[in-house]
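Once you have looked at the hints, place chain R on chain W.
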Amino acid sequence: MTAPFEMSDAASLGLALLFGILFGLSLERSGLGDPHKLTGVFYFQDFTVPKVMFTAIVVASTGLYLLSTSA
Amino acid sequence: MRKGTYWSPYITGTILGLSLLASFYAAGRGFGASGPFSIVAGVVTNALAPGYTGGLKYFSRYLDLPHPLLDWGLFLLIGVFLGALASALSSRNFKLMFDKSSSMSVRNRVFTAFGGGILIGFAARLARGCTSGVALTGGSQLALAGWVFVIAMFASGFLFAALFRRYWS
Numbered sequence: 002m003t004a005p006f007e008m009s010d011a012a013s014l015g016l017a018l019l020f021g022i023l024f025g026l027s028l029e030r031s032g033l034g035d036p037h038k039l040t041g042v043f044y045f046q047d048f049t050v051p052k053v054m055f056t057a058i059v060v061a062s063t064g065l066y067l068l069s070t071s072a
Numbered sequence: 727m728r729k730g731t732y733w734s735p736y737i738t739g740t741i742l743g744l745s746l747l748a749s750f751y752a753a754g755r756g757f758g759a760s761g762p763f764s765i766v767a768g769v770v771t772n773a774l775a776p777g778y779t780g781g782l783k784y785f786s787r788y789l790d791l792p793h794p795l796l797d798w799g800l801f802l803l804i805g806v807f808l809g810a811l812a813s814a815l816s817s818r819n820f821k822l823m824f825d826k827s828s829s830m831s832v833r834n835r836v837f838t839a840f841g842g843g844i845l846i847g848f849a850a851r852l853a854r855g856c857t858s859g860v861a862l863t864g865g866s867q868l869a870l871a872g873w874v875f876v877i878a879m880f881a882s883g884f885l886f887a888a889l890f891r892r893y894w895s
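So the sequences go chain by chain: W and R.
Just so we're aligned: the first sequence equals residues 2 to 72 in my numbering.
Just so we're aligned: the second sequence equals residues 727 to 895 in my numbering.
Because the hints were derived from the structure by calculation, they are not lab data.
Predicted model, so just to flag it, every value in this text is computed and none were measured.
Backbone N, C-alpha and C define an ideal beta-carbon position, used for all residues, glycine too.
Which residues of chain R face chain W? A partial, calculated answer using Cβ under 8 Å:
(1) Y732
(2) Y736
(3) G743
(4) S745
(5) L803
(6) V806
(7) L808
(8) G809
(9) S813
(10) D825
(11) L868
For lysine to aspartate or glutamate, the following EDC-like pairs were computed, each having C-alpha atoms within a straight-line distance of at most 20 Å:
(12) R:K783 <-> R:D797
(13) R:K826 <-> W:D47
(14) R:K821 <-> W:D35
(15) W:K52 <-> W:D35
(16) R:K826 <-> W:D35
(17) W:K38 <-> R:D825
So here's chain W without its partners, still in its complex pose:
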């Protein structure tokens, strides 16, 4: 996949930092800094990991589909 914008290396790394901050914020606000939440799914006690992961996958893949049909 190629980006639709031409940008400098510095701008690209700045974007990486910005998306990383959003990624870190999403994970921390989900509670995924807690190892008990990560192991909890395998003991049928806490389903945070699959809920966050599959919500993100559905949102991103739906968005990708819409972008690919509108382009």
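Just chain R, lined up with the frame of chain W:
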């Protein structure tokens, strides 16, 4: 934000999915977390043993670049740290602690965490990515590898979680 509480996983999952989508669109890249560890490991071992590390095919593709540390994935990972730190501090969820089950000794926790970390690092590079790079980024592009990874990860997770249950409960 209330202390010690998390947001709904559907809200955070939507924020994560929209961030990933924006990254695909604006940068042409998805999210990954294991590659930067290879780069940093390559740069550090290259400083200690230049001739040997530079001769390894695996590391040379990073080390042959003019600035191996000016890497998109490494900056993403630095952002993850900053974002998670800001989020934990602003929600007053920040705490320095040694997290383990009460039944587990500190020595065992250090040993198992270190061993598990080595396995994760090795397996993620073997699979050319981790839960972020292969399952999340690959899965959302409906890449076959992404879904094979998701199925294998949960299957082996259930198996080994059952075997190691006594360490965690």
